[in-house]
Structures are given as structure tokens and as C-alpha cells.
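Visitor: Residue strings, one per chain:
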Amino acid sequence: MFRFMTNSLSLSPSIVLVLLSFLLGASALFSLSLGRFDFAPLGSMQELFIHWGWLEGETNPMMTSILLDVRLPRILAAILIGAALAISGAAFQALFMNPLVSPGILGVLSGAAFGASLGILLSDEIWVMQLLTFVFGLLAVAIALLLAKGELKQNMIILVLGGMITGALFGAFLSIIKYVADPYSKLPAITYWLMGSLANVNGELLYWLAPFVLTGIAILTMQGHVLNALSLGDDEAKTLGISVEKKRMLVIVVATFLSAVTVTLGGMIGWVGLVIPHIVRLLFGADNRLLLPASALLGAIYLLWVDNLARMVTSIEIPIGILTALIGLPVFAWALKNAKKGWHS
Amino acid sequence: MTQGLAAKHQNTMIFREVDLQIFSGEVIALLGQNGCGKTTLLRTLLGLHPKAAGEVYFDHISSSKVSTKERAKRVSYVPQVHKMAFGFPVIDMVLMATYGERAPWLKANAEHFDMAWEALKWMGIADLAHRPYTELSGGQRQMVLIARAFAQNTPMIFMDEPTNGLDFGNQIKLLEKIHALKASGKTVLFTTHHPEHAIHTACRALTMKNGSILSQGCPKETLDKSMIQNLYQLNEQQLKNHHYA
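Residue numbers (our numbering), protein chains in the order written: chain A, 1 to 345; chain B, 1 to 245.
Source of the hints: derived by calculation from the structure; they are not laboratory data.
The model shown is predicted, which means the values in this text are computed figures rather than measured ones.
One or more of the hints may lead you astray.
Unchecked claim - Derived DSS-like pairs: lysine-lysine, alpha-carbon spacing no greater than 25 Å straight-line:
no.	chain 1	residue 1	chain 2	residue 2
1	B	Lys182	B	Lys220
2	B	Lys51	B	Lys65
3	B	Lys107	A	Lys247
4	A	Lys246	B	Lys65
What the hints assert, rightly or not - Stretches of chain A that chain B covers, calculated by requiring three or more beta carbons in the stretch to come under 8 Å of a beta carbon on chain B:
no.	region
5	95-106
6	135-148
7	165-177
Ideal Cβ positions, reconstructed from N, Cα and C, are used throughout, including at glycine.
Could you build all of it, start to finish, from the sequences and the hints given here?
Guide: Now the structure itself:
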């Protein structure tokens, strides 16, 4: 068990993680039952267990199809994307010693957005769009790292500037794509994609990527005390025995991979990576050993419920990126007020 | 030990030809004007600033053959107090001294906690254990950083202007702690702008000027009036007006 001395709610970290896991499980179960066809939560689980052969009984084909082909992939996507964005945001905030950092700081989200738009422009095949999203997301960060090469040991600000340059560069390329795209078919598709949505999540791709995403989340979770040291600055981290360059590169690579995957699966979903770590920090303190896994869990819960709102609150589904901004911004404004008191429990 | 050590910042040489031996159990004070290279020398010894020439040795082993983890077992560092973005509790700040000796996923054990508490009690700040570091005064933060260096349990401790920002009382207490570190067998190297601190505390004083070691020796002999005048570009009258005279 961790021995933490203070957090706002004075809860043992193990209890925090168990509670959040329980909340995530309950949220997922409830989300399974939500939709145009109302199913009871436990009934939904039972249907799936019977389908998988874990329970005996007869399945309802329509119910099974809705659960397996529509709701389950969407719920899993919300959990993975929410967790990946939140933990990447928390990791970057520690790495850059700044609680106002989001996963897009190195340009991954701008690069991925450009890649997605280029894919939509060039082809009707969804795999082309997804591949280009992922590739350009990683490329944007690679360019930022190249721009900062040599200076990185001395100055993290150079890396941030590199990220700004690539972000702006791919933002400009994205504008070109939008300018030349067919306004009757391609442009609406690009615009819709950029608003983020889990409605058309590719189940096959999701299940293929899920182990990698979970591995990435696990790797970041294990860097808790490394990120604590890195948030003190390079000098102190090194003298505490941390291999700063190696660990920093590991965190950048893994967090970038996770961020690129989220855009590949669900488009541009903003504010999760910035806001969720803030809330966790205010509730449970700044120690990354708890902050990272708690951010992943709370990010998953948050995006799950936002997606529930997106598909239930009106008859036409609201793009999830709009809701994360509408909900996230007031929460962030409230969190900023607390920034004056310091980013601690 | 260093041999012909030099360092530069961009294309400007900060210091050159520094040959220095540090003996076990010594307290060494490093003095010089602002910008003479004291902090850069300290950081170069710690491997935080790249060498332009020369070599640093730990127990006759070249520093390039000493890993970051290994170096953290040999020397701890008390930096100048700086602002932090996140308010870790003081006890967690001190526990960071044990990071180098455990895998990232392993928690601090009872022995680590005992070491951290001992360090806080030794510094007389155990009552601050649960306070967020960002809520402390500059002097209190300095005490926490020294406690952390003590908890790291290394044979050498390097401190960069440890009395900076401390009130008079805390300065005296800190100098007493440096004496206590020496008595416990630790080797201490600290930079300072206060010749009287060097005289009071150090076995050896090193003076730096224009990127070179100007003198080294017993502080009472090395830091005489003419040396101080030369080091800080003061005239006799200015020194007379100060209590140092």
C-alpha cells in the first residue's frame, strides 16, 4: 500500500483506485443498457455472458447484435480513449513541470488531425484515413523532437517551441485540405471527424489496438516516481539517480502513441487530457504514483458519461468533442481559480 | 578529483584548467564573484553540465564510466531553491532521496520512511512533514532540500549557495548542520557569497576568478583582506566600511 501523507480526501491510494475501478465498472454496465432500445444493465451483462458461453441460456439475437456490434465497442472506445488522453495529459504535465499542458503540446493532435483529413480527402477507405492519422500524429512529434535535438538536454522550452511549430505547420496544412476539399462530401466528413465521435468506432481496429493502449497506460503508470522526480527539474532528477534523457524519451514516445491512437479511433476529443489530471490533483494530490492511474480511471469514467450524453440527450447525436469542450471548459475555469493557491492537495 | 576540467556555455568558456582534489571528510567552500563559474563548476562535477575538456573522477573512476544511479549513490545535491509547479508533501520530497535505489514501480519501504523521518528530525523540521512544499517559505524549502540530501545518505554533498534566502538565525543553524555533516564523516562542497561562512565552516576555501582557480587553502589564510579585495573588486575603504574588516 502506498503511504501517502496528505490528499484532499484523506483516502488511502489503494482505496481511491478500488473506488474508481468500481465506479468505472458500474458506469460501463449502466452505459450498456443505455440507447434507443432500453436494456436492463444486469440483463445486458447476462446476454453477453451467455453469448460468450460463460453462462447457460438462450440469447436474444437482436439484443446480442446491438450490444456486441454497437454498444460494447463504443463503451470500450470511450474507456480506452478517456484513459489514454487523461494519463498522457498527466504525464506531460509532470514532464513539462506545468499543469497547463495538454497531450497536444508536441503537435501530435495537430499532426493526427491533418493525417485524418488527408486520408478522408484522398480515399473513401477508412483504413487509409486511420493509418494516415496515426502516422502523421507520430511524424509531428518526431519533427518537434528533431527541431529540439541537441538543445533538449539544456532546455525543455525548445521542445515546447518545436511542438508549437509543428502544431502550427500541420494546422496550416489542415487549412489547405479544408480549402481544396469538395464542399458537398469531403469537407463535411472532415469537419465531422474533427469534432470527434465514437459513433462509428471500428470494432476490429479497437480490439487490435486495445492491448497496445493498455500496455502504454501500464508503462506510464509505472513511471510515477520517475515523473515526480522529473517534475522537480532535470538537475534534481539526475542527482536523485533518474536517467533523465531516457525516461523523458520513454514518456514522450508512449504518451504520443496513446494520443495518436485516440485520434485514430475517435477523432479530436479535447480537454480530457488537460482537465482530468487537474481534478485528480485537486482531489488526491500531486503524487504521480496515484495521479497517473487515477487520471486514467477518471478519464475513462468521464468520457463514458460524456458519450452517454452525446448519444442520449438529443435525437441527433452530438459530436463528443463539442461536449468535452462545453463541460471541460467551465471545470477548467474553476480549476484555474485554485491555481492561485498552488497545484496541490 | 578533476584534471584539467573546463566547461563552456555555447561558445563562451566558463572555466578552464581546473585541477581539484576533494578529500574524504572535508568541507570546501567555493567563492567568487557572480558569473565566475562557481555554479557551473559544481554542476559540471555533478554531471549536470557537459565538460568541454578534462575529466572528473570519483574514487579514481572516470565520471563517464559512472552511471546516473551510481553517481546518485556517491553525491547528493542541494540546489538553489526554486519555484515548483506541484506541491508534494514535505515527507514525499524527502523520500525522493530513495528513488535511485528502487525500481519505479516499487514503493518506499519502512526503512526508507525511517530514513526520511530521521532526516527531517535532524533538520528540526519534522513538524512540516505533511505540509505541501509549495506552501513553505524559502528558508523552509531550503531545509527540506538539505534534509533530502541527508536522507540520500551519500558520502559527498554538494550545495549551491545553501544560505541564500535564509534569515540570520537559519543561516547559523545551517552552518551548524554543515559542521555536523563533517563530524559524521561526510564531505561537503558548497558555494557561497559569504567569506565569513567559509571561515566559520570550511576546512578549505577555493576562490575563482575569470574562470580559473585563484587560490585554495585554509580559509583564514586564503581569505585575507587583499584576496577579498581582489576577488570582489573592492577597495580598502569599502572593505573597512563592512564588518569583514
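Visitor: Of all the hints numbered above, which does this structure not satisfy? Sort the numbers upward.
Guide: Checked against the structure, the hints that fail are numbers 6, 7, while the rest are satisfied.
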